[in-house]
Amino acid sequence: MQAYCAPMTATQTILDARACERTLRRMADEIVERTAGTESLVLVGIQRRGVQLAARLASLIEEREGRPVPRGALDITLYRDDLQTVGPRPLVGATELPVDIDGKQVVIVDDVLYTGRTVRAALDELADFGRPARILLAVLIDRGGQELPIRADVIGKVVTVPAGSQVDVRVAELDGDDTVIVGPARSRGA
Amino acid sequence: MTGLGKDLLDLESLSAEQITAILDTAEPLKAISLRAIKKVPTLRGETIVNLFFEASTRTRVSFEFAEKRMSADAVNVAIGNSSVSKGETLVDTARNLEAMKIDMVVIRHQASGAARFLAERIESNVINAGDGTHEHPTQGLLDLLTLRDKWGTLKGKRVCLCGDVLHSRVARSNIHGLRKLGAEVAVCGPRSLLPNGAEEALGVTVFDRIEAAIEWADALNILRLQLERMTSGYIPSLREYNRVFGVTRERLDRAPRDLLILHPGPMNRGVEIDSDVADGPHSLILDQVTNGVAVRMAVLYLLRGGRPDLAAAGTAAGE
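Just so you know, the protein sequences line up as chains A and B, in that order.
When we follow this note's numbering, the leftmost residue of the first sequence carries the number 1, and every step to the right adds one.
When we follow this note's numbering, the leftmost residue of the second sequence carries the number 191, and every step to the right adds one.
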């Protein structure tokens, strides 16, 4: 159930660079707490911005625990359930899992949890690579609006916005800075 | 415009952007063939007919792997045991297949233009897997991908197609694709195996001596001498062909730079290419075969997409 929100008219920064940093630090701690250490831990980011976030979380965990944490990337395009209805075919990115995931504790990392369909696709894709002992979901932003029985285990920030509005996570590696911006709906591809 | 539209009939009518989009898509798809489970669910429920009016092992198997790795259901129709041998026309065959609710036809045919003829008459997507001496677009694409993998870019690179250019649909697809992506293209072979006025007809440089081609090129794409299409004396003898135009170790040793060697297969070893070249360190012949599956997966993916009528109803699944 989603709370009523007035339609948005202007963009608003909900996390700036320093807030992102603090949030990621806490998420990193929460991940290790849940997985009881880095033994058998693998972080897998969903293309595109989940990959950078997974790398950040992995370094933060490495800093704290003094142990290397393998990280991978998952491109779920070929597993989407809406390929028959989206217009031109979306670009396919790289899926790279550096280690065998059998028996591992895999944390899927994404920027925004919305409908849950991306995570569903990611779960299917992971199953084609092996059978992890456990799969957790970590997201920087949970904006509500899930259409599937999927919930995040580790959440950076919960944001309540009207359906259709835009939640943009920017990461320094791709966008020049770390910020999370909420704004009114904009046409796709804009 | 990087979408592919309904059919893939040739490279001549594609833009550089469309060709690049296919190659860029093929790149990540390569990794699927290296997984323990070599399959993605992308084309689940799609039915594809491989309609082969001409003998083919490599291309047919490559398409079949591509279809299966994308989870499509594939049916092979080979001419020898189909009703075409009872006199059914191409269109009747295809319409009957369409009546069984198929989504795509991969066609190989001995007549140039057969793929386009079919594409204009049926609703299903059509992929040309070689039509007469016209084009073999997926072979052209896999050659482009193989070279691009080695060089990073095709811009300014020099590629020479050697041998039987006259009968070669592979040559035509390569010439169009290479030029669109900015490579310099030449052909080399006996004049009897080149189109009349090849310079103007194909818009390429022509070398009459293989030694000159080897001196000029960064890569040689050595075409198969199509003995089955040669009904009258195009060449005096295979032995003489090998002596004058064969790509041999000795000739390559005199090249000013390392040459990449491609061959679309099947090879006539000891005729157009010697075994120690085919199996040598600069041969990309098996990379071509590997890349063929990825390129065909990319084409299947890009073609099936885009039902604009349904696009408006779709909701964003990203985020």
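Hints in this document: simulated from the structure, not taken from any laboratory.
These numbers were taken from a predicted model, which means no experiment stands behind them.
Fair warning: there could be bad hints in the mix.
A few chain B residues that face chain A, going by a derived Cβ cut-off under 10 Å, partial list only [unchecked claim]: (1) LEU194; (2) PRO231; (3) LEU442; (4) ALA445.
Simulated DEER-style distance windows between Cβ atoms [what the hints assert, rightly or not]: (5) B/LYS345 to A/PRO88: 21 to 27 Å; (6) B/VAL265 to A/GLU62: 48 to 54 Å; (7) A/ALA185 to B/ASN286: 35 to 41 Å; (8) A/ALA172 to B/GLY193: 29 to 35 Å; (9) A/PRO88 to B/GLY235: 55 to 61 Å; (10) A/PRO184 to B/HIS472: 56 to 62 Å; (11) B/LYS228 to A/ALA185: 54 to 60 Å.
Glycine included, every Cβ here is placed at the ideal spot set by N, Cα and C.
query = If you check the beta carbons of A/PRO88 and B/GLY235, does the distance land in 55 to 61 Å?
reply = violated, 20 Å
inquiry  = Quick check on B/LEU442 please, does its C-beta sit within 10 Å of some C-beta on chain A?
reply    = violated, 35 Å
query = Between B/LYS228 and A/ALA185, does the C-beta distance stay in 54 to 60 Å?
reply = With a Cβ separation near 40 Å, B/LYS228 and A/ALA185 fall outside 54 to 60 Å, so the hint is violated.
task = Identify whether the interface hint at B/ALA445 stands, where standing means a beta carbon of chain A within less than 10 Å of its own.
result = Violated - the Cβ of B/ALA445 stays beyond 10 Å from chain A, reaching only about 35 Å at its closest.
ask   = How does the Cβ-Cβ distance of A/PRO184 and B/HIS472 compare with 56 to 62 Å: does it lie in that range?
value = holds, 57 Å
query = Given a hinted range of 35 to 41 Å, is it respected by the beta-carbon distance of A/ALA185 and B/ASN286?
reply = violated, 48 Å
Assessment of proposed distance window 21 to 27 Å (beta carbons of B/LYS345, A/PRO88) = holds, 26 Å
request  = Mind checking the hinted window 48 to 54 Å against the Cβ distance between B/VAL265 and A/GLU62?
outcome  = holds, 52 Å
request  = Identify whether the interface hint at B/LEU194 stands, where standing means a beta carbon of chain A within less than 10 Å of its own.
outcome  = holds, 9 Å
inquiry  = Interface hint check: B/PRO231, Cβ to nearest Cβ on chain A, cutoff 10 Å. Holds or violated?
reply    = holds, 6 Å
ask   = Does 29 to 35 Å hold as the CB distance between A/ALA172 and B/GLY193, or does it fail?
value = Holds, at about 33 Å.
Of the numbered hints stated above, those contradicted by the structure are hints 3, 4, 7, 9 and 11, listed in ascending order.
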